[in-house]
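The primary structure of each chain is shown beneath.
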Amino acid sequence: MQFSQRVDCGQLTPQDVGRIVFLAGWVDAYRDHGGLVFVHLRDRSGIVQIVFNPATAPEAICRQAAGLRAEYCVAVRGEVCQRLAGTENPHIETGTIEVMVTELTVLAESEPLPFSVSEKAMVAGAVTAGSDPVAEDLRLQYRYLDLRRPSMRDHLVRRHRIFQCVRQFLDAQGFVEVETPVLTMSTPEGARDYLVPSRVHPGHFYALPQSPQLFKQLLMVGGLERYFQLARCFRDEDLRPNRQPEFTQLDLEASFVDEEFIYALIEELTVRMFAVGGIALPRPFARMTWTEAMETTGSDRPDLRFGLRFVDVTDLFADTDYSIFKQILQRGGCIKGINIQGQSEKLSKNVLQNEYAKEIAPSFGAKGMTWMRVENGRFESNIVQYFSPAELDGLRQRFGAADGDVLIMVADPSYSVVVSALGQLRLHLAHRLDLVPADRFCPVWITEFPLFEPTEDGGVTSSHHPFTAPDRTDFDPANIEDLLSLRSRSYDLVVNGEELGGGSIRISDREVQRKIFAALGLGEEETREKFGFFLRAFDFGAPPHGGLALGMDRTVSMILQTPSIREVIAFPKNRSAACPLTGAPSAVTREQLAELALLNPGGRDVLPGDAQKDDPIDRLSWVSRIGFAAHERPMLEAVRAGAETLAQLAVQQAGAEDPIYTVVPVANRLRPGIEARQSPLAENGRLLESAPAVKGDYFKVATILE
Amino acid sequence: MEELFVHRPGEATATGDGPLHGMKVALQPNCSVAGWPADAGSNALAGFKALEDATIAHRLRGAGADLCGTTRMSEFGFGLDGSRAGEAVRQGAADAELVLDLMGESRLAALRASVFGFKPSYGRLSRLGIIGLIPSMECSGVLATDPEMIAKLLDAVAGPDGMDFSMPAQPAVDPAGGPLDPAGLTIGVMTEAGQDLDDYRQAEFRRALTALTEAGLAIREVSFPEFSLFSLVHQIVGAVEASSCAGRYDSVRYGQRAAGAKNWNEMYLRSRGAAFGPLVKSYLFQGAYFQFEQYGAFEAACRIRARLVARMERLAAEVDVLALPAIDLGESGSATSLADIYAQFGATLFANVTGQPALVLPPGPGIGVSGLQLTAARGGDARLLALGRHLFNGRGGKA
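One line per chain: the protein sequences are E and C, in this order. Okay, so the first sequence: first residue is -4 according to the working numbering, each after it adds one. Okay, so the second sequence: first residue is 4 according to the working numbering, each after it adds one.
What the hints contain is simulated information worked out from the structure, not anything from laboratory work. Mixed in with the good hints there might be a few duds.
With a straight-line Cα cutoff of 30 Å, these simulated DSBU-like cross-link-like pairs (lysine-lysine) come out [stated by the list, open to error]:
{"hint": "1", "chain 1": "C", "residue 1": "Lys27", "chain 2": "C", "residue 2": "Lys155"}
{"hint": "2", "chain 1": "E", "residue 1": "Lys510", "chain 2": "E", "residue 2": "Lys525"}
{"hint": "3", "chain 1": "E", "residue 1": "Lys341", "chain 2": "E", "residue 2": "Lys353"}
{"hint": "4", "chain 1": "E", "residue 1": "Lys362", "chain 2": "E", "residue 2": "Lys341"}
{"hint": "5", "chain 1": "E", "residue 1": "Lys568", "chain 2": "E", "residue 2": "Lys608"}
{"hint": "6", "chain 1": "E", "residue 1": "Lys362", "chain 2": "E", "residue 2": "Lys344"}
{"hint": "7", "chain 1": "C", "residue 1": "Lys27", "chain 2": "C", "residue 2": "Lys52"}
{"hint": "8", "chain 1": "C", "residue 1": "Lys52", "chain 2": "E", "residue 2": "Lys690"}
{"hint": "9", "chain 1": "C", "residue 1": "Lys52", "chain 2": "E", "residue 2": "Lys695"}
{"hint": "10", "chain 1": "E", "residue 1": "Lys690", "chain 2": "C", "residue 2": "Lys155"}
{"hint": "11", "chain 1": "E", "residue 1": "Lys510", "chain 2": "E", "residue 2": "Lys568"}
{"hint": "12", "chain 1": "E", "residue 1": "Lys344", "chain 2": "E", "residue 2": "Lys321"}
{"hint": "13", "chain 1": "E", "residue 1": "Lys695", "chain 2": "C", "residue 2": "Lys27"}
{"hint": "14", "chain 1": "C", "residue 1": "Lys265", "chain 2": "E", "residue 2": "Lys608"}
{"hint": "15", "chain 1": "C", "residue 1": "Lys52", "chain 2": "C", "residue 2": "Lys265"}
Remember, predicted model here, so these are calculated numbers, not experimental data.
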């Protein structure tokens, strides 16, 4: 058989009827109709039915066909035929034709499968064997079988298309793909680094990059102007269901650009990527400041597929008599609420009070939740009697409340508690009430993030990283209030409540950078130590630049609408950050650890014998475990000096002879006819007779280590 | 007489009857006899009693010999400091004595006691149950007033022992293939072997050679330019093997444990520090130096050893027997340092390095206080003892 003549199964059409074709692939499914054997033959392109008919195929071939089983790898030759009317299979693209086989070669047999690979039923209306859910760890353990399933193969192919789309588009925009190192220095980012011990520099470590942040900025200093990379990044974060310890991000950076350049570029790119999945994103992308996002959705990655926006009602209760609100407002708090329009039927008193107010809202961090149902023009609530008519009227107008609406409010002295709890309630309610439209995509740029966040000890820390440009440069690095009012020139791209990526315009002015470090409380020396090599680059005419990174696994998963990002990664780690296929991470031998100087990294533990390393006599005493008295030292020093002389002499006098260690012939010795047995001296305890200390049937020793 | 023995059995020890019937054989406390103290002269084995007979003790008893006690020995038999080897035979308290020969101890002890001393070929006697220090070189030497008795004793105890891994499966055979007429042997004299002797001993050695000629033997000069390297090899290889070999003295299975150790390491350091005397301790430190800091020097010594063994084999094939002085610097006082002890055994340790047999003839007619040492190729034990017997008879049977 000639593989060069091979035709793709999925490419066959009714136009091919009458053609003799050579096909190769796997047995996807199999039916034996009393001598007439039907097989779904699958290759990467798709599935076609092949038929072994005793009337047209040699008997030997039909006999061989009867032995076929799922996932045998086979090659066949046969004629493309139209299926008989009524036997068409709508489940497969080639469902109107079949191939009558005349030649068969079994290329490789398969053992029984740990799970079914087949996804396509052989007859109309039937259910496939592969429709049962398979435990994910089993799929990951046999990922190579899992990848044979057409849906998985499709994910990888479309991921490839999306990546191709990125490369082609960015290339057309003048971006250059550059690879940055994977073994690098630990960088000041949020998560933990994966560290790689250096064998040649004991006690020193490379870090795997959390992102190529510093390198891409150095590429801008290096004059590349427009750089991108589909970079593998690593973060040793705590386990979360939809996170991978290693992930792929589209990393890009450009010089002589501003935010608008990035917005336009990424909008165009994102639209193209989603188009690969048949999704038309609405344009232009919405923009929302961080403050607005927090004020109206309680999240810096708002899901805008539904309403349920926050309404601030703090001012309505400025003079309230309702003691709880009154106390909260006296402590500088705020009150915000949501109008859940037309949902009062689904949100009964019981649900609102016993589920939301008592259970759900407290689990989101709120101390309580106030609710009101609007029925017949009246508010219905357990606390409505505490509100004045003016307050109720204010609420009605502010929320635009109408019959059938439900209002919920959260009040707290802390602004962040209010928005955070209400934001989570917003999502919870939207999903519970089925308010999230399927197939809708709402991209939004979130902008103007705070540059700094307050720390517990009264200082500030960078919200993003210390190289993000501030919105103004006239700030006083010593004035905390001033610093906290600064906004950064950073931006996040959020789609449907998921952050696909983010970036910023960077600081390229040395003076501004110095002020930022001063604000962070980092002295000259400390910054040199932490970022020295990086800052040095900015002493040589750095161009203004900015960029962004997009999480590609997450983006592809959203485009393909898979339940997890693991579905779009060929060999992902599982939820426990482990690989069931290879067994990584795995233990290593003590020898490997020793070679990497990891048995006692950094010399933290004082090992027995460490103290004896420096003195030559102490060292010999230690390695041979023979103590000596002070008066014996001169004798042993003389011995050592003598031994040194002997050693020199021996090395001088030795020739090229093979060394001998005995004068009799060396032979492996067996004791024929003698079987292993316990020594009678051990059995009768006489072995212990001369022991200095015995415990039961054992020699007694000091503890191994102190 | 009691001073002579450190242990004497209360009853006769022979278990069989045979060629050694009635022969009183003294041992050293490094040779295991079930129930006998066996401390090998070291604190490291203080109080240790042997659980089983050594193979050679077992064979001696089985051949009718009476094991009459153990004599005082130096620590692990290393040197002769503190040893009273040879005295029992000299005083007639024993017909023969087995003395551990690490570098010539059995031969020098024989010389001091004016009796015959013989170190057999390496691999001829089982070492199972013998407590030693230098496994690739050590051997039980035999002292007696008559070479015939030595031969008889060895015939009864020599031979393969499946329980001793260091023994070759086949015993070394005399390269000559059969017995030689002792009267017609050619004796080789290594010019280098007596170079360092003082005038008096040189003259003594020449007189001894004259006596050999008078006994009808042909003397031929041969050369071994690297003879002085034997001491270098022995010092390095011996020390390394001793350091390994003494690793077992851990105060767990036997010996005495120093009090108050907080952990295992301290237990070793203190107990082993107290177990070994200065000479052995020096030797073990020297061995540790090569093992842990200059392993290359140990390998170099093993290369030189290969060269010396090969050279000695060629030399031994050129003549029937080689003659050497038994003692060179001849310091008979106590050796307190490694340098002293190696000087003392400079003329005998070659046989331990090569594993060849060596017989020391005691002073007698024609042979002065330095004695005479005869050696042959490994396996040539019989001809040495036959020659010894021939010379002994020529003297009228007086040791």
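Comparing the hints with the structure gives:
1. C:Lys27 <-> C:Lys155: Distance ~13 Å between Lys27 (chain C) and Lys155 (chain C) Cα, so the pair holds.
2. E:Lys510 <-> E:Lys525: Holds, at roughly 16 Å.
3. E:Lys341 <-> E:Lys353: Since the Cα atoms of Lys341 (chain E) and Lys353 (chain E) sit roughly 18 Å apart, the hinted pair holds (cutoff 30 Å).
4. E:Lys362 <-> E:Lys341: Since the Cα atoms of Lys362 (chain E) and Lys341 (chain E) sit roughly 24 Å apart, the hinted pair holds (cutoff 30 Å).
5. E:Lys568 <-> E:Lys608: Violated - the C-alpha atoms of Lys608 (chain E) and Lys568 (chain E) are around 45 Å apart, more than 30 Å.
6. E:Lys362 <-> E:Lys344: holds, 19 Å
7. C:Lys27 <-> C:Lys52: holds, 22 Å
8. C:Lys52 <-> E:Lys690: holds, 20 Å
9. C:Lys52 <-> E:Lys695: It holds: about 19 Å lies between the C-alpha atoms, which stays within 30 Å.
10. E:Lys690 <-> C:Lys155: violated, 47 Å
11. E:Lys510 <-> E:Lys568: Violated, at roughly 42 Å.
12. E:Lys344 <-> E:Lys321: holds, 24 Å
13. E:Lys695 <-> C:Lys27: violated, 40 Å
14. C:Lys265 <-> E:Lys608: The hint holds at about 21 Å.
15. C:Lys52 <-> C:Lys265: With a Cα-Cα distance of about 28 Å, the restraint between Lys52 (chain C) and Lys265 (chain C) holds, given a limit of 30 Å.
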